[in-house]
Each structure stands twice: as C-alpha cells, then as structure tokens.
Amino acid sequence: MNYRNELINNILPFWLSDAIDEKNGGIFTCLDREGKIYGREKSVWFQGRALWVFSKAYNLIEKREEYLNAAKTIYSFLPKCTDTDGRMFFTVTEDGRCIQKRRYYYSETFAAIGCAELYKATRDAKVLADAEKYFDVAYQCFTGERENAPKFNPETVGGKALAPIMIMLSTAQVMRSAAENNAKKYDDIAKKCVEDILGGGFLTDKGLLESVGKNGEFIDTPSGRVVNPGHSLEAAWFLLSEGLISKNSAAIEGAKKIIDVTLPLGLDEKHGGIIAFTDVCGKPPVQLEWDMKLWWPQCEAMIALRLAHTVFGDEKYESTYKELVKYCEENFVDKEHGEWYGYLHYDNTPSTTLKGNIFKGPFHIPRFYMIMASMDESGSIMEYMK
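For the sequence shown, the residue numbers in the numbering used here are 5 to 390.
One or more hints might be untrue.
Pairwise CB distance ranges, derived in the manner of DEER restraints [unchecked claim]: (1) Lys40 / Pro83: 26 to 34 angstroms; (2) Glu333 / Thr208: 30 to 38 angstroms; (3) Thr225 / Lys196: 34 to 42 angstroms; (4) Ser384 / Asn186: 37 to 45 angstroms.
In silico SDA-like links for lysine to any residue, alpha-carbon gap of 25 angstroms or less [as the list claims (entries may be wrong)]: (5) Lys164 / Ala183; (6) Lys320 / Lys330; (7) Lys155 / Lys260; (8) Lys260 / Lys339; (9) Lys164 / Lys76; (10) Lys124 / Lys210; (11) Lys76 / Arg371; (12) Lys218 / Ser174; (13) Lys124 / Ser174; (14) Lys195 / Glu257; (15) Lys76 / Asp140; (16) Lys189 / Lys320; (17) Lys326 / Leu267; (18) Lys188 / Thr126; (19) Lys84 / Asn73; (20) Lys164 / Lys210; (21) Lys196 / Asn185; (22) Lys164 / Lys124; (23) Lys260 / Ile169.
It should be emphasised that the hints constitute simulated quantities derived from the structure, not laboratory data.
These numbers were taken from a predicted model, which means no experiment stands behind them.
Idealized CB from N, CA, C, for every residue including glycine.
When you get a sec, could you build the whole thing from the sequences and use the hints?
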C-alpha cells in the first residue's frame, strides 16, 4: 500500500469534504458512509484529535494550506469547548454549548497535543501557551491535584487504570517535541509513565491488564481480568518509541513483552483481525462487544508490529503486520466511498456503515497512515516523533 497517497487522496479528503464547520469553527464527526453529516453535536475529544491530525499532516506529510486552514478552524473552536474552571466538555452543540461534561480529562490531553502540533506549524506563542495550559489541567487531574469524582466507591473498590497512564505518556511525548524549553518537565513525566506501565502491576506473563489494585495487585473480578488488546499494543509502541528516544532498554524490552503476550490474546486466528476485549484468565468476557473488530485496535497493532520488526528484526512481527494489512484492506477499507468502516462483527460483516461518531473520527487511522508513510520514507519512527 502507498500510505502517503492513500492518506492524501482518500483518508484526509473524506474529513475535509463536509466535516469542517466554517460557520462555528470545529469539526463534525457524525458522518455516514458517504461522508454526509447525520448528527450535529460535536465530540470535544475530536476537536483536539483532529487539530493534531491536520497540523501533523501539514508538518510531516505535505504543507498544504487546506490542512493548516482546517487546523486553524478547529483551533478557533476550542475556547467554546472549555468551561470556566479550565476543564473541557465531552460533547457540545454545533455552536459550542455544553451537552455533557465528564470526569475524564482526555479532552484536555487531546487539546494539548493538537495545540502543540499547530504551534510547530505556526510558531504562534499563544498556541503553545494554550497547549501548556491544557496539558497542565490534564496533569493536575492525573496527579490528583485537581480532585475528580471517583468512578467507583473508593471504600469498596480501590485501584488504578492503565489508560490514563499510557495517554499521559503519549501526550508528554508530543508536548516535549513542541515545548523545547520545558523538555525536562516532559522527559520526567514520560519516564514516570514508563515506570508505572511496566512496574505498576499491569504487565503480567499473561497480558497487560486494564486495571489493578491501588498497590498494583491483581484483582480477580471480571473488570480486573480485562485485557484490551488494542490498548495493549498501543501502549507497546508508545513504550518502544520512548525507549528509542530516551535510550531506555527497559522500555524497549517491556514493549516487546507486551506485544508477545498480547498477540495470542487478541488475534482472531479464524476470521482475522484484533478483537476488542478478552479475559486474561480465559473466563467469559463481560463486554457484549468483546469479539467485535473495531477500527482502532487494528491500526495500533500494525504500528506496534511494524515498529517491533524494525527494532528486533524478528520476521514474525512483519508477517503478522502484513496479515493485518491484508485483513484491513479486505474488510475495513471502503473502496467505494472512502475511509474505513468502524465496527465489524466477529465474522467481519459491518455492524454499521457509519464512518464517524462521537468516538470515531480522524485520529487513529490518519495517525497510522502518517506513521507508515514516514517509516516507508525514513526507515524508522524517529522522523514522525519529532
């Protein structure tokens, strides 16, 4: 596959055609199979994510004005998505009025990376200041300096989750690449996240757990046994790239272990692709969608596998990567209307033909294509990480 051409001529045009809101700012992500808008509420996650995508495409792939203009239009919408306390909403109306505000701070992390990447394109000091503002709010939530209502009753269920740590690692990596004067701050945060992922009880010989007890202990409950293969493989390539940047051999070897224990759990040997969830002990998964194939785990798996092959040279990684590429081309890529389907049943029939919703928008797929294009041209992930 020519990833650069597919990105430029298929993936990005799908989102540039009708999704950019020139009237109010921002981007719509509720798009049907043909790319037409079927819902006008806006995902705040995707304001930051799409801002990052179009800025990164401008910086890494080609300096097209349409990419930069889209990024600036989305950036202009961020203040409407930000509450008076500095926290961001989860969903808003098309003109930016709050629909829902959640305890999670991923909206802030995605706004931070979007602003950071736009800063690299524009060198506008205000944009970098906004990136650092959103990052600091997210980090205060991450450390507990800003108090969030707990998801579960801490008197009966105490624990910690993998997802916030891996997202913070990735966010710190992007911030470090933009805020050069604060590089040590983000180095230190990235290092701590690596230590938490590898030494916090999440990584076992059976799989990378989604949650553990507050002291890193295994929780033998349905939620404590959950492995999300997509998350695991995404965390693996975050760790592997950080290990290459910081010359951290523990991060590199830890990433290899994660990949090796995750593939037997996540790969569907019968129908192909990566499943959504599994139980690390082989008990029945409680998620009703556990055996579905979602778009983003396939992307994260292919990134992890290709990067692992370049680092370790083991042909098993390249072989599985090529199998997944073929699988996605045959099942996810919509050759008639562009972009990818998002949700497949276990037998690979589409469960819906939508191309975007509150959770699926321009992020995992264009990020995958950009990384692959960059690796095709440079032979490593380091150009992408700049």
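Sort out which numbered hints this structure fails and list those numbers smallest first. Those not satisfied are hints 3, 4, 5, 7, 8, 9, 10, 16 and 22.
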